[in-house]
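Number of protein chains: 2
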Amino acid sequence: MGIIVQKFGGTSVGSVERIMNVANRVSQEVLAGNQVVVVVSAMGKTTDELVRLAGEISSNPSKREMDMLLTTGEQVTIALLSLAIKEKGYDAISYTGWQAGIQTEAIHSNARITNIETTKLKASLDEGKIVVVAGFQGATVDGEITTLGRGGSDTTAVAIAAALQADKCDIYTDVTGVFTTDPRYLNTARKLHSVSYDEMLELANLGAGVLHPRAVEFAKNYSMPLEVRSSMENERGTIIEEEVSMEKNLVVRGIAFEDQVTRVTVCGLPNGLRTLSTIFTTLASNGLNVDIIIQGTTDQDTTNISFSVKTADLNDTVRVLEENQDALKFDRIEKEDGLAKVSIVGSGMISNPGVAAEMFKVLADHDIHVKMVSTSEIKVSTVVEKGSMVKAVEALHDAFQLSVVENNEVTV
Amino acid sequence: MGIIVQKFGGTSVGSVERIMNVANRVSQEVLAGNQVVVVVSAMGKTTDELVRLAGEISSNPSKREMDMLLTTGEQVTIALLSLAIKEKGYDAISYTGWQAGIQTEAIHSNARITNIETTKLKASLDEGKIVVVAGFQGATVDGEITTLGRGGSDTTAVAIAAALQADKCDIYTDVTGVFTTDPRYLNTARKLHSVSYDEMLELANLGAGVLHPRAVEFAKNYSMPLEVRSSMENERGTIIEEEVSMEKNLVVRGIAFEDQVTRVTVCGLPNGLRTLSTIFTTLASNGLNVDIIIQGTTDQDTTNISFSVKTADLNDTVRVLEENQDALKFDRIEKEDGLAKVSIVGSGMISNPGVAAEMFKVLADHDIHVKMVSTSEIKVSTVVEKGSMVKAVEALHDAFQLSVVENNEVTV
Numbered sequence: 001m002g003i004i005v006q007k008f009g010g011t012s013v014g015s016v017e018r019i020m021n022v023a024n025r026v027s028q029e030v031l032a033g034n035q036v037v038v039v040v041s042a043m044g045k046t047t048d049e050l051v052r053l054a055g056e057i058s059s060n061p062s063k064r065e066m067d068m069l070l071t072t073g074e075q076v077t078i079a080l081l082s083l084a085i086k087e088k089g090y091d092a093i094s095y096t097g098w099q100a101g102i103q104t105e106a107i108h109s110n111a112r113i114t115n116i117e118t119t120k121l122k123a124s125l126d127e128g129k130i131v132v133v134a135g136f137q138g139a140t141v142d143g144e145i146t147t148l149g150r151g152g153s154d155t156t157a158v159a160i161a162a163a164l165q166a167d168k169c170d171i172y173t174d175v176t177g178v179f180t181t182d183p184r185y186l187n188t189a190r191k192l193h194s195v196s197y198d199e200m201l202e203l204a205n206l207g208a209g210v211l212h213p214r215a216v217e218f219a220k221n222y223s224m225p226l227e228v229r230s231s232m233e234n235e236r237g238t239i240i241e242e243e244v245s246m247e248k249n250l251v252v253r254g255i256a257f258e259d260q261v262t263r264v265t266v267c268g269l270p271n272g273l274r275t276l277s278t279i280f281t282t283l284a285s286n287g288l289n290v291d292i293i294i295q296g297t298t299d300q301d302t303t304n305i306s307f308s309v310k311t312a313d314l315n316d317t318v319r320v321l322e323e324n325q326d327a328l329k330f331d332r333i334e335k336e337d338g339l340a341k342v343s344i345v346g347s348g349m350i351s352n353p354g355v356a357a358e359m360f361k362v363l364a365d366h367d368i369h370v371k372m373v374s375t376s377e378i379k380v381s382t383v384v385e386k387g388s389m390v391k392a393v394e395a396l397h398d399a400f401q402l403s404v405v406e407n408n409e410v411t412v
Numbered sequence: 001m002g003i004i005v006q007k008f009g010g011t012s013v014g015s016v017e018r019i020m021n022v023a024n025r026v027s028q029e030v031l032a033g034n035q036v037v038v039v040v041s042a043m044g045k046t047t048d049e050l051v052r053l054a055g056e057i058s059s060n061p062s063k064r065e066m067d068m069l070l071t072t073g074e075q076v077t078i079a080l081l082s083l084a085i086k087e088k089g090y091d092a093i094s095y096t097g098w099q100a101g102i103q104t105e106a107i108h109s110n111a112r113i114t115n116i117e118t119t120k121l122k123a124s125l126d127e128g129k130i131v132v133v134a135g136f137q138g139a140t141v142d143g144e145i146t147t148l149g150r151g152g153s154d155t156t157a158v159a160i161a162a163a164l165q166a167d168k169c170d171i172y173t174d175v176t177g178v179f180t181t182d183p184r185y186l187n188t189a190r191k192l193h194s195v196s197y198d199e200m201l202e203l204a205n206l207g208a209g210v211l212h213p214r215a216v217e218f219a220k221n222y223s224m225p226l227e228v229r230s231s232m233e234n235e236r237g238t239i240i241e242e243e244v245s246m247e248k249n250l251v252v253r254g255i256a257f258e259d260q261v262t263r264v265t266v267c268g269l270p271n272g273l274r275t276l277s278t279i280f281t282t283l284a285s286n287g288l289n290v291d292i293i294i295q296g297t298t299d300q301d302t303t304n305i306s307f308s309v310k311t312a313d314l315n316d317t318v319r320v321l322e323e324n325q326d327a328l329k330f331d332r333i334e335k336e337d338g339l340a341k342v343s344i345v346g347s348g349m350i351s352n353p354g355v356a357a358e359m360f361k362v363l364a365d366h367d368i369h370v371k372m373v374s375t376s377e378i379k380v381s382t383v384v385e386k387g388s389m390v391k392a393v394e395a396l397h398d399a400f401q402l403s404v405v406e407n408n409e410v411t412v
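Protein chains in written order, with UniProt numbering: chain D, 1 to 412; chain E, 1 to 412.
Check before you lean on any hint, since a few could be wrong.
Since copy identity is lost for identical chains, a pair holds within one copy or between any two.
[As the list claims (entries may be wrong)] Below, simulated DMTMM-like cross-link-like pairs (lysine to aspartate or glutamate); rule was C-alpha separation at most 20 Å, straight line:
#, residue 1, residue 2
1, LYS63, GLU127
2, LYS122, GLU56
3, LYS361, GLU334
4, LYS191, GLU385
5, LYS120, ASP142
Note that these hints are calculated values from the structure, not bench results.
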């Protein structure tokens with residue numbers, strides 16, 4: 001008998017019928033002899049609806065009051081799911097974030113979990129109850145209700161699993177697992193049986209945000225095995241864990257990609273020690289995230305810095321830079337829209353220095369011009385024209401043989 | 001500068017527009033130099049909708065989980081109202097029941113308030129904030145969320161007013177005050193400027209449950225003045241307080257009435273010491289409330305006991321009695337349906353022994369047959385045929401001159 005934490009997202013609990021379905025899933029784990037904690041999100045579009053209501057009242061609502069408002073969403077789900085589980089003849093008890101002992105920083109809308117006081121959770125499990133916990137929310141030690149920001153329910157599930165030293169944390173979602181690339185774009189995309197935490201972090205944008213990076217980080221720190229699987233279909237998903245013995249011979253594990261990428265180049269910056277830090281501190285303090293950064297020296301006194309930003313952030317980025325032109329001392333800004341980022345990911349790359357070169361060769365063979373490059377130990381990212389994105393993904397998926405099932409991997 | 005507690009019911013906060021209207025009301029009290037605590041219910045039909053959802057899952061839902069579910073309703077309202085108040089340029093902070101320090105018994109769905117820990121409320125008021133508290137809910141010392149049952153938000157408001165030693169507690173509702181009788185039945189019904197707590201308790205069913213008896217009891221115990229007034233119209237309401245100096249010369253203050261009354265007579269009971277207690281303990285332990293009770297001795301050995309029950313409870317009442325016929329040792333049950341109760345209420349009756357006689361005379365003059373009578377210090381109740389109910393109310397309202405405005409009362 002072990003402890004299993006299960007997490008169901010908003011779509012999986014989007015109706016009474018689906019909540020009954022979740023109650024079934026939960027019961028199965030109990031029948032298998034496990035103690036179960038279930039973490040759930042708000043039902044379907046509940047959060048959007050609450051945000052809309054608040055928007056009718058205020059264009060710039062207080063974050064504290066938004067936390068008070070939005071946390072009701074998960075509280076409704078936990079009560080209904082507990083009723084559904086009891087209706088099936090199992091004992092269940094629901095806890096809000098603060099009741100479940102989830103303590104956070106005193107920050108609204110994006111707090112981090114600082115501690116989980118597990119006394120209540122453990123006592124309820126020991127009484128034979130299925131414990132249903134509201135995801136996405138916690139409270140400060142002073143009893144202020146907080147939320148965890150994007151991916152919050154995933155983080156709640158992993159944090160509880162870690163605190164309870166659970167055997168496993170299952171993330172139920174609307175996809176069946178993590179794929180070698182997005183199956184909506186490439187029909188040879190293959191579901192992975194397992195990936196490492198680091199690979200998952202780099203693949204995070206595959207499969208429509210299937211698992212939030214914060215939750216993966218958390219799981220990695222506590223070596224908590226995760227399984228991403230479908231709440232609708234009864235098939236094995238993708239396991240995320242430290243040792244990926246079965247597929248370790250595979251250098252590249254997946255191809256991640258995204259369009260809506262823009263390149264901004266700030267020209268004629270002073271070639272000084274603090275230029276890089278000044279420019280990106282300015283952007284960060286205005287809430288603007290940049291991705292790939294390239295610095296190229298043109299002459300001794302001045303330098304150009306290029307970086308990629310999401311297309312939606314382009315106007316704000318240019319505005320912030322222009323407002324700070326006096327302090328940053330640049331000549332002009334150049335921008336190029338209509339770009340995309342294509343990345344290969346795999347922890348085997350570390351010991352395979354030729355992988356990046358192979359990638360560039362494949363792209364060149366397909367007449368795809370690479371505009372920017374960025375490399376990490378387990379990822380090589382390239383910025384290409386948006387029109388070449390899918391062609392690049394197909395070529396790389398094929399070249400790195402990602403649609404081939406390994407010998408020692410079981411097909412499902 | 002004083003402390004004012006305001007309570008707004010579900011209809012008054014039923015839409016974003018109405019919430020903005022409530023924010024206006026609240027702001028006016030602050031402009032007048034007062035510290036304000038606002039207690040609100042769930043928006044409009046929110047509670048009904050949540051009950052419906054739970055009903056789709058379970059026909060007999062756990063009371064604990066229903067409390068978890070329903071308390072989200074007020075939490076949505078407090079967040080939205082706080083946003084609306086802030087939008088008007090005033091500072092506001094919302095608190096759930098547990099955050100506001102409302103401690104209750106460890107009973108779900110119908111808990112009593114045991115204590116209010118006011119540290120947070122006072123600190124927020126002293127910081128110049130308008131405090132918005134979720135009505136109807138509290139928590140046990142162990143952090144279990146509870147609800148206060150029917151009239152819960154009224155009780156929350158009065159309890160907070162008492163704990164903060166507020167100057168006043170205003171109950172905003174969809175009627176303009178307490179009337180001499182139900183204005184929907186009698187167009188000469190007149191709004192009372194003030195009534196005593198006891199009179200309010202006896203008149204509780206006038207004006208469609210305008211104020212819950214529990215809240216009146218609470219206010220009486222703490223001598224907290226209440227004002228029942230309209231959230232829509234800007235006119236003076238009815239003040240409920242101990243001293244009703246302005247109208248003390250009026251013996252009868254109001255006429256209460258209700259239909260859906262049934263008389264049950266249990267015939268041939270043993271004429272023993274414990275007969276009364278046995279029969280009504282049996283009914284009470286089955287959750288059945290009786291109203292007027294009359295015992296008439298027929299001979300030395302047996303007795304008949306008549307009582308009135310709500311028509312909706314008639315079948316259950318008869319069933320419970322029949323199931324316990326062996327223990328209760330009665331011969332048979334007689335029942336009479338289609339009855340109504342008409343009562344005159346007024347604290348001046350205590351010193352006016354002729355009032356009951358006057359009532360019976362008025363009814364007899366109008367050919368209204370009285371089937372049962374019950375008297376208290378400030379109320380005389382009669383059970384009559386349903387068809388005579390309105391005629392009885394009209395006759396009594398006229399005879400006791402309730403539509404006449406007293407000399408020293410200001411018309412509004």
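* List of violated hint numbers, smallest to largest -> Of the numbered hints given earlier, those the structure breaks are 2, 3, 4, listed in rising order.
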